[in-house]
Amino acid sequence: GNSVTQMEGPVTLSEEAFLTINCTYTATGYPSLFWYVQYPGEGLQLLLKATKADDKGSNKGFEATYRKETTSFHLEKGSVQVSDSAVYFCALLHGGATNKLIFGTGTLLAVQP
Amino acid sequence: DAGVTQSPTHLIKTRGQQVTLRCSPKSGHDTVSWYQQALGQGPQFIFQYYEEEERQRGNFPDRFSGHQFPNYSSELNVNALLLGDSALYLCASSLYPRTSRNGYTFGSGTRLTVV
Chain W
1 GNSVTQMEGP
11 VTLSEEAFLT
21 INCTYTATGY
31 PSLFWYVQYP
41 GEGLQLLLKA
51 TKADDKGSNK
61 GFEATYRKET
71 TSFHLEKGSV
81 QVSDSAVYFC
91 ALLHGGATNK
101 LIFGTGTLLA
111 VQP
Chain U
1001 DAGVTQSPTH
1011 LIKTRGQQVT
1021 LRCSPKSGHD
1031 TVSWYQQALG
1041 QGPQFIFQYY
1051 EEEERQRGNF
1061 PDRFSGHQFP
1071 NYSSELNVNA
1081 LLLGDSALYL
1091 CASSLYPRTS
1101 RNGYTFGSGT
1111 RLTVV
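Respectively, the protein sequence lines represent chains W and U.
To convert, note that position 113 of the first sequence is 113 in our numbering; the numbers rise steadily by one, no gaps.
When you read off a place in the second sequence, starting at 1, and then add 1000, the result is the number in our numbering.
A portion of the hints provided could be inaccurate.
Only pairs whose alpha carbons sit at most 25 Å apart, straight line, appear in this in silico SDA-like list of lysine to any residue [as the list claims (entries may be wrong)]:
#	chain 1	residue 1	chain 2	residue 2
1	W	Lys56	U	Asn1102
2	U	Lys1026	W	Lys77
3	U	Lys1026	W	Gly41
4	W	Lys60	W	Gly29
5	W	Lys60	U	Thr1105
6	U	Lys1026	W	Tyr39
7	W	Lys60	U	Gly1003
8	W	Lys77	U	Thr1105
9	W	Lys56	U	Tyr1096
10	W	Lys56	U	Leu1095
11	W	Lys56	W	Ser3
12	W	Lys68	W	Leu48
To be clear about the criterion: a stretch of chain W counts as covered by chain U if any three or more of its residues have a C-beta under 8 Å from a C-beta of chain U, and this derived list gives those stretches [stated by the list, open to error]:
#	region
13	32 to 42
14	45 to 55
15	102 to 108
Note that these hints are calculated values from the structure, not bench results.
Even for Gly, the Cβ is constructed at its ideal location relative to N, Cα and C.
Could you put the whole structure together from the sequences, leaning on the hints where they help?
In structure tokens, the structure reads:
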């Protein structure tokens, strides 16, 4: 079945460090891929998305490229800030009959000043 | 533009009781999905409503039921509560059939604690 695997956290970085959170997926066909962010005590916010192979999603300095050959959608940011501290979820969605999001387990990012 | 609104924000119930959670979708959206997020885990799909019917269901028992109203708002009902039902319940809305392209908009959730 469809699934998403994320690198385990927590990931602890100093401010202005480079961030990579790995995400790989298993799915048939061509799912859409998403990164959601969850700040403490809040719901999920869509961070970025990509709907086909080689698409690059980007938002607020974060980027992720849909790599079908490696079934990956790694999240990157060149210079993290303390305000980026949150839990990040990678997710996939198939349209049509299986129109539901499948999430990874989440990666906690802690950025220290 | 109002996003997804959920109520209540927090709730404490006793084992065996029943609970109803409510969700108003983002303006312009017609599809509502419910997710359960246990502590330290990713959200798990419960079910999805479109045109007032349950269209898909995840691996949850019949104790979990729902409803969608003509104004697209939705309720999640859980009967015979168990301690393991303690979780953050998230409502997500979307516009069918563009979900694959645009994804879902999530509410802030209802934190249910069963004691």
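query: Which hints from the list above does the structure break, by number from lowest to highest?
result: Of the numbered hints, 2 and 4 do not hold.
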